[in-house]
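Undergrad: Residue strings, one per chain:
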Amino acid sequence: AQSVSQHNHHVILSEAASLELGCNYSYGGTVNLFWYVQYPGQHLQLLLKYFSGDPLVKGIKGFEAEFIKSKFSFNLRKPSVQWSDTAEYFCAVIGSSNTGKLIFGQGTTLQVKP
Amino acid sequence: ETGVTQTPRHLVMGMTNKKSLKCEQHLGHNAMYWYKQSAKKPLELMFVYNFKEQTENNSVPSRFSPECPNSSHLFLHLHTLQPEDSALYLCASSQVPGYEQYFGPGTRLTVT
Numbered sequence: 001a002q003s004v005s006q007h008n009h010h011v012i013l014s015e016a017a018s019l020e021l022g023c024n025y026s027y028g029g030t031v032n033l034f035w036y037v038q039y040p041g042q043h044l045q046l047l048l049k050y051f052s053g054d055p056l057v058k059g060i061k062g063f064e065a066e067f068i069k070s071k072f073s074f075n076l077r078k079p080s081v082q083w084s085d086t087a088e089y090f091c092a093v094i095g096s097s098n099t100g101k102l103i104f105g106q107g108t109t110l111q112v113k114p
Numbered sequence: 001e002t003g004v005t006q007t008p009r010h011l012v013m014g015m016t017n018k019k020s021l022k023c024e025q026h027l028g029h030n031a032m033y034w035y036k037q038s039a040k041k042p043l044e045l046m047f048v049y050n051f052k053e054q055t056e057n058n059s060v061p062s063r064f065s066p067e068c069p070n071s072s073h074l075f076l077h078l079h080t081l082q083p084e085d086s087a088l089y090l091c092a093s094s095q096v097p098g099y100e101q102y103f104g105p106g107t108r109l110t111v112t
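In the order they appear, the protein sequences are chains W and Z. The first sequence begins at 1 in my numbering and counts up one residue at a time. The second sequence begins at 1 in my numbering and counts up one residue at a time.
If you're looking for bench data, these hints aren't it; they were derived computationally from the structure. Don't be surprised by glycine CBs; every beta carbon is placed ideally from N, CA and C. Heads up, a few of these hints could be off.
[To be verified] Short derived list, chain W residues pointing at chain Z, Cβ under 7 Å:
{"no.": "1", "residue": "His43"}
{"no.": "2", "residue": "Leu48"}
{"no.": "3", "residue": "Ser52"}
{"no.": "4", "residue": "Lys71"}
{"no.": "5", "residue": "Gly100"}
{"no.": "6", "residue": "Lys101"}
[To be verified] Quick list of in silico lysine-lysine cross-link-like pairs, BS3-like style, CA-CA up to 27 Å:
{"no.": "7", "chain 1": "Z", "residue 1": "Lys52", "chain 2": "W", "residue 2": "Lys101"}
{"no.": "8", "chain 1": "W", "residue 1": "Lys71", "chain 2": "Z", "residue 2": "Lys19"}
{"no.": "9", "chain 1": "Z", "residue 1": "Lys18", "chain 2": "W", "residue 2": "Lys49"}
{"no.": "10", "chain 1": "Z", "residue 1": "Lys52", "chain 2": "W", "residue 2": "Lys113"}
{"no.": "11", "chain 1": "Z", "residue 1": "Lys41", "chain 2": "W", "residue 2": "Lys113"}
{"no.": "12", "chain 1": "Z", "residue 1": "Lys36", "chain 2": "W", "residue 2": "Lys101"}
{"no.": "13", "chain 1": "W", "residue 1": "Lys49", "chain 2": "W", "residue 2": "Lys61"}
{"no.": "14", "chain 1": "W", "residue 1": "Lys71", "chain 2": "Z", "residue 2": "Lys52"}
[What the hints assert, rightly or not] Sample of chain W residues facing chain Z (criterion: CB under 10 Å; computed from the structure):
{"no.": "15", "residue": "Phe34"}
{"no.": "16", "residue": "Gln45"}
{"no.": "17", "residue": "Leu56"}
{"no.": "18", "residue": "Ile60"}
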């Protein structure tokens with residue numbers, strides 16, 4: 001069955017610390033990959049996406065993610081987090097030729113202490 | 001209005017009521033989606049529409065009835081819901097299925 005697994009449910013960091021959130025997926029075929037973010041009181045926003053090409057993709061607000069096909073992973077990174085990065089982060093995957101069935105992970109809550 | 005809008009933002013309804021959720025996208029997209037977000041569970045896709053045609057029904061109970069009159073509008077008609085249907089219902093749109101989806105703010109539904 002198709003699934004997305006996010007390893008960390010709740011992460012607490014101090015400002016300026018580095019961040020890496022794990023995401024692994026199970027899908028039998030070519031995929032498009034996404035990270036979404038939901039800031040407190042706001043709606044889901046696209047952080048970055050991978051369709052093809054360079055497996056290291058850069059998104060908004062200094063975030064990046066690396067697609068490692070052999071590991072079925074798409075981990076999110078940021079070298080130095082800020083208090084404003086406090087939010088919930090969702091990894092999602094969809095088959096490239098899919099009818100639109102985007103599958104989400106359960107989310108990781110990031111709390112950044114000032 | 002820009003992006004994806006949803007009304008109402010909050011809704012409380014009894015188990016015997018009939019209500020509708022509305023979604024409108026101002027992005028010129030062709031695909032629209034309904035999701036359910038419950039506490040401590042991943043977002044669950046409910047329905048997919050592409051060019052007004054339903055292409056995915058993720059085994060959703062018939063007490064949820066979607067309607068897509070055109071590519072910009074999507075409705076979710078609700079009737080005889082159960083308390084466990086209380087959740088945040090999110091609407092999204094994308095250029096075509098498979099591309100990145102843009103989400104609305106959601107409707108917080110409480111079934112009493």
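Undergrad: What are the numbers of the hints that this structure violates, sorted from low to high?
TA: 2, 3, 4, 8, 9, 10, 14, 17, 18
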